[in-house]
Each structure stands twice: as structure tokens, then as C-alpha cells.
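Colleague: As a plain string of letters, each chain reads:
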Amino acid sequence: MSLTLEEVRHVAGLARLSLSSEEEALMRTQLSAILDAVAELSAVDTSAVEPTSHAAGEVAPWRADEVRPSFPPEKALGNAPSTVGTSFAVPRIIE
Amino acid sequence: MEPTELSMLELGKKLGSGELSSVEAVRACLSRVDRFDGQVKAFLMVDREGALAQAEAADRRRKDGRRAGPLDGVPVGLKDLFLTEGLPTTAGSAILEGFVAPYDGTVVKLLRAAGTPIVGKLNMDEFAMGSSTENSAFFPTRNPWNLETSPGGSSGGSAAAVAARMVFGALGTDTGGSIRQPAALSGIVGLKPTYGRVSRFGVVAFASSLDQVGPMTRDVPDCAALLQTIAVHDPCDSTSAPMKAPDYLAELEGGVRGMKLGLPREYFELPGMDPEVRASVEAATRALEKLGAELVPVSLPHTKYALATYYLVAPAEASSNLARYDGVRYGLRAEGAGNLLAMYGRTRDQGFGLEVKRRVMLGTYALSAGYYDAYYLKAQKVRTLIKQDFTDAFRTVDAVLAPTSPTPAFRIGEKVSDPLAMYLNDVFTLPCNLAGLPGLSVPCGFTKASLPIGLQVLGRPWDEARVLRIGRAFEREHDFHRRTPPLRAA
Amino acid sequence: MSVADFQPVIGLEVHAQLLTRSKIFCGCSTEFGAPPNAHTCAVCLGMPGVLPVLNETVVEFAVRVGRALGCRINPVSIWARKNYFYPDLPKGYQISQYDQPLCEHGALEIDTDDGPRRVRILRIHLEEDAGKNVHDAGGGESLVDLNRSGVPLVEIVSEPDIRSSSEAAEYLKALRDILVYLGVNDGNLEEGSFRCDANVSVMRKGASQYGQRVELKNINSFRFVQKAIDYEIGRQVELIESGGRVAQETRLFDAVRGETRSMRSKEEAHDYRYFPEPDLPPLRIPAGYVERIERELPELPRAKLHRFVGTYGLPAYDAKILVGDRALADLFEKVQAVYKGPAKKLSNWFLGELLRLMKEEAREVGALRFTPPQFASLLEMVDAGELSNNAAKDVFAEMFRTGRSPREVAQEKGLIQVQDTGAVEAAVDAVLAANPGEVEKYRAGKKQVLGFLVGQVMKAMKGKGNPALVNAALRAKLGD
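Chains as they are written, first to last, in my numbering: chain A, 1 to 95; chain B, 1001 to 1490; chain C, 2001 to 2480.
Among the clues, some could well be false.
[Stated by the list, open to error] Mimicking PhoX-like on lysine-lysine, the simulated pairs with C-alpha atoms at most 25 Å apart in a straight line are:
hint : chain 1 : residue 1 : chain 2 : residue 2
1    : A       : K75       : B       : K1109
2    : C       : K2464     : C       : K2413
3    : C       : K2082     : C       : K2173
4    : C       : K2340     : C       : K2304
5    : C       : K2393     : C       : K2334
6    : C       : K2082     : B       : K1381
7    : A       : K75       : C       : K2132
8    : B       : K1381     : B       : K1260
[Said to hold, decoys possible] Label-pair ranges, simulated between beta-carbon atoms:
hint : chain 1 : residue 1 : chain 2 : residue 2 : range
9    : A       : T4        : B       : A1250     : 55 to 61 Å
10   : B       : E1097     : A       : R68       : 29 to 35 Å
11   : B       : G1258     : A       : W62       : 31 to 37 Å
Because the hints were derived from the structure by calculation, they are not lab data. Keep in mind the model is a prediction, meaning the values are calculated, not measured. Just so it is clear, CB atoms sit at the ideal spot from N, CA and C, and this is done for glycine as well.
Just chain A, same shape as in the assembly:
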């Protein structure tokens, strides 16, 4: 298999996903299969090719430096799971 369990755990960490051990094993199998399938791209000669980094054309629109109304507190915080005053509250990071 292309991926080791260590690699699966590392990627899950980067993506902030707390996978169960069943999920880890499933991911390992399925992601390995997908990576094997996409490996065929290495056969394509792209030495003289630029990547398509931007799908839109030559448009480069800028906007004027004007202040627009911000959200009132109900909109900014209305969907928040936890607030203190008008701040979002989150559990602390363990240092």
C-alpha cells in the first residue's frame, strides 16, 4: 500500500481530523488505492507545460478603499456555538 499508518495519522493531524482506528485503517486502504490510480499522471510529459493556477482569465479587479457597513452583532455572532460578550469563546490551547 502506498500509505503507511503513520502517514495517515500525520495527514489527519494536519487536517485536524480525530479519526477512529477503524477510520484510519479504512483511509489507509482507500487513499492508497486512489493514490495508486492517480500515479499514472507521472507518465505524462509536462516538462514544457505551465500549471493552470487560475481558471479565470486576465481579470484583476480592485475595489475602492471605502468603508462599508459591518455586520451588527446578531449577524456576526448569531451562529456562534459559544460567546463571551461580543467575542467568540473557544477552549484554551494547551501550551
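Chains B and C: place on chain A using the hints.
Modeller: Only chains B and C this time, still in chain A's reference frame:
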């Protein structure tokens, strides 16, 4: 005749003459929702009050002689990834369950200005990742043609709602085929416009360089009219094209005489294509030939790499776009996490379904240190080659014809545990997204089991008008689009 | 331990907020001090479905900075996503620039004790600021305020050309002064609008390879910059001398203890998975844009400093203070243009009375009430002997507060000195006649009684005698 048998434009005319009211039209939709959605399960949320109020406003406008346009008062549905202020917007995900949109996306604003009452929010594969609507966190939608089968995805709810006449038209989004494939499987018309034609502001993002909003309707004129309403430059979207859209209805009936239509051999040679699909699509191409078009064999040699390219680019962009779902400012937050890292991990593990997790993992890996060049960058380069294939082909042909989906609607449960098998549903639709081209699917036949088959028309950038015209030329000589699914009230 | 055997190598990264009215990618206000989350919208809150649109003034300010620092402005630069998770980063990525930044390869010249030094600028790029995470003292929670999320930043990265902590401080001051001069930043370290990280390593003198560098963060005053860097240099030297190796890490400066501490949590955060931002097309600078900005660049602090020393003949000390505030320097030049006297005299007044009153009344140059010709006029009155220095200070204070002309104020207060030599002589004669004893003492050699006699004449003239004239007349009449 039930109002819901009318097309959007036909209804629009009757609303304009006063023969029907928008309230009656909405009530007709709601009546079908009550009778059939228990079986079809297209809707995540029905906004009865809102839709009726919007209908009443449309009727008032008509009385005052100030109708907003040809679609004023025509009820529509929206895939649940369009942010609609004051209404829930879930993107088919548990991580957004309960999220109430604090703003209207641009396309929603345009629809409101056009006066189309919004009946409700439609089911979808979670975060638009899927081809069957089975990845919805809530429930799968069923194909009105055969309730054991999938309507396709990710805009499965939109396709089913239109096919079942629960709405007159709907909007979906298409990143790898998510409008066209469900349109084909559900027997309706679906268009993915050129990338940049329609604003993405207020549309929950899946893959930023591939996502496009498009209309899903029962016939091509409706598709053109709905496209007209939303094809407007948006200063809130930096990828929105600055050009003004042409009049899509003006040349719609112009026919295909003299056009050169390409048949890409890589598409028609695909092993594993259902023989009935092949037969139906080939017959459709010959029908267009009879109508005066010239069929030209073309080659799109990098087609076989489209799947791999897509499944590196799209998940990579998605892994970044979905990082904002972290339980901090909105959406689900897992209970009982004592510290931030645990909160992040549990929230995202609980809130995301398996397919989403899979793609986030794949995308994160493709962008990670040491792998970026071999995976993401490489895929973006092959993407350029795929685009170039089309540019080359369009030197000799005006449009390309192909099947939309290799198979008709498949049974729910059949493919969902085999990701690679599920991904193959999109082989014909993916290249068009990678190249940013407009793509249309129109009904072109049925299998012996009465499952719909779709014909795909791909065009040059910004050439929606021609693509629609080709679809219309085929459509008006046939009546596949007029057949109705055999639904029986529960 | 011998720090002297080692050569410190320092590179500095400055994040400076740009003084635009609205944020870089949305229209929310950038004003400091609002209640938490009062200046937020769907875009800078990172809500589903939002997209960035670039603020045109951000580009202008960044190009100003780039050209002021002699950088090449890339006609095309690319936005990139820097992906990491933190509560103050709402989208889970920061829109920044990675490959192909806006500006590259410039330099900043600073004056050090060993003479001028040229610090090369590697790159300058644009990015959005994150919000603020405040650790709630009470509960086990952090509070997140996203007002700052989306404020535009330029990141200015120097090459590791700096060789001491004092040079580092000089570099930062010079850079800050330039940004303030350009009107793009308010130079406020305490409020966080100008932030500095330092990369510090040491190498044995004569060695050919740089040592392992360490990143220092959380340096928020010029004083701390020197302390932090000196501490870190000492720490690294001691580590190496005792046989250890310097680890690649990020350290925080603890201002209370005066030491740097390792930041444990950052190790795995460094895979930012940069990729080009698909929601923003490449940043293209139109033809002629850079040239226009260059034409509009003001004279920069160092050039102005050298000019003040050269053209006005001012000592470096004076010039530095005047040049430190662009508006103050401009005012100086406006007054000096109409003042017929020596620049040093004017400078003394600026550094003395003017700055004192500005501080007392908390008024900035832009809010001053008097005009340059009025100031020049006042000094000319002193030069002509019409006002004593003390009287002039009085008049100036009134002029400062009210903007009335100095002559009008002096006349009203009766401060104008008598210049009439006849009157002076008459007074002198009278005093000498009244004080024969003192006259004799003076003629006998006790020159110090002159002071008493001057006082008497001034008293007789009710303080309005021109001291110089009085002095001269007395001496003449005393036969000196």
C-alpha cells in the same frame, strides 16, 4: 391541466396575462411536495410561508403593471449550498446543521430581483462531493423515475425536484459534473456555464477553480431564461467575468445547419459504458446530423488523465476551503472537548461524513511538504494539457457531443462503498470543468427499464448560446423532455 | 564564554499594518479600538461562500514602500494560501504571497557607530492580518476578536546582513520612520501596527558558514529588540561553547524575565501547504503605475537628515529630532525660508520652546495656530534687539495659544525694548550720577559692580532697556 405541467416560460406568460397567479403556482408546487416528497426526499427544507409571501408580492407587482421580468412569480428551488439569508443552509452536512445564513449570495439576490419565489432548499451530496446524493448527512434523495435508484449527484435534490415537478426550475452547482450528471440520470436539462460566467459569492465552496452555478430545468428555453437571470458580473467575486452576457433566448431556435459537431473517440470508446447509453447517444448524434450538422471525429488525447487530475486538484482546494469548519464561529462544535485541539478534531470528525473526510485527507496529502510537486502541481500541469486538447479540437469543430454519464441511474447503495467506482460516474463530465468550458446535458432517450439517458454538448468558452441552441435543436424534434416520471401519491 | 569570538548574524522580518480605511479584502473599517467583532462581515469572518476582493489603496501603499526601499516591483505577483488552524484565522488559511511576491531586492541604509551600513531587503509582500486571541484570565477559555482579521499587512524581510542588536534597533527605527513618512503606517509598536520578528544565529569569527538560526517572536518595543537579541546571542554562544548545538526553533521573548523561551507548540505547524490562491487572479501592476508612485514619493528621513545637516549646517542631534516628525521638519523649512537669521537659532527654538509647548498642550504640528511668517517675525524681533529672550518666550507662548501676531502681543504686553540710544544714555547718566561710590569701585578695578549698575539702569528704564545697549553705554561712560 396542472400548473406544474407548464414550463417556467409558459407559466411566466400565464402569470403575465393574469390567467394564473403566482400563489396558485406555489400552492401547486407545495401540493406536489406534500404528495411526493415523502418518497422522493428532494427537500431538506420547505419554506412555505416565505414562498407564499414572495408569490403574493409577485402577484401584486403584476397587478401594478411592474412585473420584474419573464420569470417573475415562477417558483424555483435551490441546492442547499446557496446562502439564503434567514434560512438554514447546510451544504448537506452535519457540520452546518442549524446554521442560518446571515446574508444572501449574489445569485440568490438576482433571483429575488427577478421575482422567483424560493420554495425551499434541496438535498445534495455533502459539500457537493459525490455523484449520487447518498453522501448527504441527512438522507439520500431518490430518483422519481425509479425510487430504488439514485437521481445522481451532487445536485440530486435539485434534479429530482425538477423532474418530479415539485418546482418549476432549480439551481445547482457543478464542479465535476454535479449538474449535468444528475440532469442526465433524472431526465432533465442541466447546464454548467463557462467558469466565471456566474458569481460564486454566497455559494459554499468545494473546489474554487472548478465550481460553477447553473440552471436545472425541464427544457432548454427555460434553461436559457434562468441562465439569463444569473449570468451577471459580480464585483464581489474576483473570478467573475466582466463581460455582459448575450441574449440567450434570441438565437435559441437557430438550429444546427452548417455546424460542425465533434465526436471525441476517447469518450465513445470507454469500456464499461452501458450499451443502452451508447446506443441512445449515438442515435442522438445522428439525429443532429439529419438536422444539418456535420459530425466530425475528434481526439481529446488526455481524456484518460482527467479523473486523476480532478481527484488531485479538487480535493486539494477542498481541503483548504473546508478548514473554516472548525467549530469556532458557526456550525457544529463537539461537546466536552477540554482543549482546542480536541475541539477541532472531534468537531470535524463528527461533523464531516466519510467521503468528505476522504477528500480532505487526499487533498491535504497532495499539498503537503514533499508531495506538492508530484501531486498538486503535476495535476495542474496535466490540466493545462486537457484544456489544450479542447482548444485544438475547437479549431475544427464548433462543439463536442458526448454521453453525459456512462450508465443510467444506479441503485442506491450499489456504489457508495467503493469510492473509485463512484468516481467513474464523472469521467465524461470532469474534463469540461478542468477546462472551464460550458457543458449542457439534455434528455436523449430512455433505457428499456425507463431510466433517462442524457446527451452532453460541450462548447467553447463563453459560447453558452451555441450550446443551448444545439440542445434545443435536438429537443424540439423529440419529446423525451416531456415525459413525466411515474410517481404515485403516497 | 567569549561572545567576542563570535559574530552575530541577524535578519529581521517586519509586519506593518497599512493605514487604509478599509480592510484588504472587504469593506470593514480598520480603525483600532472598537468593541470585539464590531468591524466584521461575512468575508473577514470566514463564513461559508465568501470571496476576497482586493483594496486598490493596499496596492498603492505597498508599491510606495517597495520603491522607497529601492525594490523591484514585480509586474505580476501571485496570491497564495498559507494553511494552518488557529482560532484567530477564520478561514483556516491566510491569504498571503509566497512564490513571486510583489517586491524584491531592495536595501535600507542605516547609520551605525561604525559608519553607514547597507541592509539588503530580500522581499516585501502583501498579506491579511489575523484576528486576536485573548486568553481569558478567569475561565479556561480564549476569547477571539476578529476586528483585526483582514487588516492589510506588508511583510518586509531583510537579508541576514545585520551584525549587532544595536544595528537591529537602528534598522527598525529607520524602517519605521520611512513607513510613517510615506503615510502608510503609524509606527505604533505598542498597539501592534508595526511588529518585528528576528532571526538570530552566531558563527565563529572567520567561519565560512552561518550557524543555525533561531526565530524570535513577540518583540514589541525597540528596547526589547536589543534586549531579546543580546540575550539570544549570549544563550547561543554559551550553548555552543559548552558543546551543545543550537536547535532550529521559535522562541518568545519574556520581557519580565528578560530572556527568550522556546515555543513548544509550533513544531508541526510549519507545513503550511502553500498553493496559489484560486479565488484571486494574479496581481498585475498596470504600465506607468510604479512611475507615478515614484514621482509622488516624499523625501525620505535619511535624505532629509543629511540635507538638514548639509544645507542648514545643523548638528546631527538637532537634525535628527527635527526630521523625526515629517510635519515638524516641513514647518522648520517653511519658517527658515522666510527667516533671515541663522538656522541654528531657529532650531534651538524648535527643540526648546516649540516642542515643550506642543507636549504641554498635546498639540501636533497640524493643529498649530501660528504661521511660519509669524514665527520668523518673532525671531527677527529678538535679533533686532526689540525683545529679550525671556520676553520672546512669553510672546511665543501667547502666539502658540492664540495665533496672534508677535508684534501685536509684544506691544500689548509692553515687552518691546527701548532701542533709543539717547534714552539709554540719559538713564545711564542718571544712574552713574546717583551712584558715585560704585563708579569709583569700578574704576578702581572691581569690574563686578557693573552688574549692579546695569540692574539700576534697567530698573530706571522699567526693564525696557535693551541690555546690550545699556551695557555698552555704561562701559563707554565708565571709560572702558
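Colleague: For every hint, state whether the structure bears it out.
Modeller: Do the hints match the structure? See the list:
1. A/K75 to B/K1109: Answer holds: A/K75 to B/K1109 is near 18 Å, not above 25 Å.
2. C/K2464 to C/K2413: At roughly 12 Å apart (the allowed maximum being 25 Å), C/K2413 and C/K2464 satisfy the hint.
3. C/K2082 to C/K2173: Violated. C/K2082 to C/K2173 sits at ~29 Å, over the 25 Å cutoff.
4. C/K2340 to C/K2304: holds (21 Å)
5. C/K2393 to C/K2334: Holds. C/K2393 to C/K2334 sits at ~20 Å (cutoff 25 Å).
6. C/K2082 to B/K1381: holds (21 Å)
7. A/K75 to C/K2132: Since the Cα atoms of A/K75 and C/K2132 sit roughly 19 Å apart, the hinted pair holds (cutoff 25 Å).
8. B/K1381 to B/K1260: Between B/K1381 and B/K1260 the Cα gap is close to 29 Å, so the pair fails against 25 Å, i.e. violated.
9. A/T4 to B/A1250: 55 to 61 Å: holds (59 Å)
10. B/E1097 to A/R68: 29 to 35 Å: holds (30 Å)
11. B/G1258 to A/W62: 31 to 37 Å: violated (43 Å)
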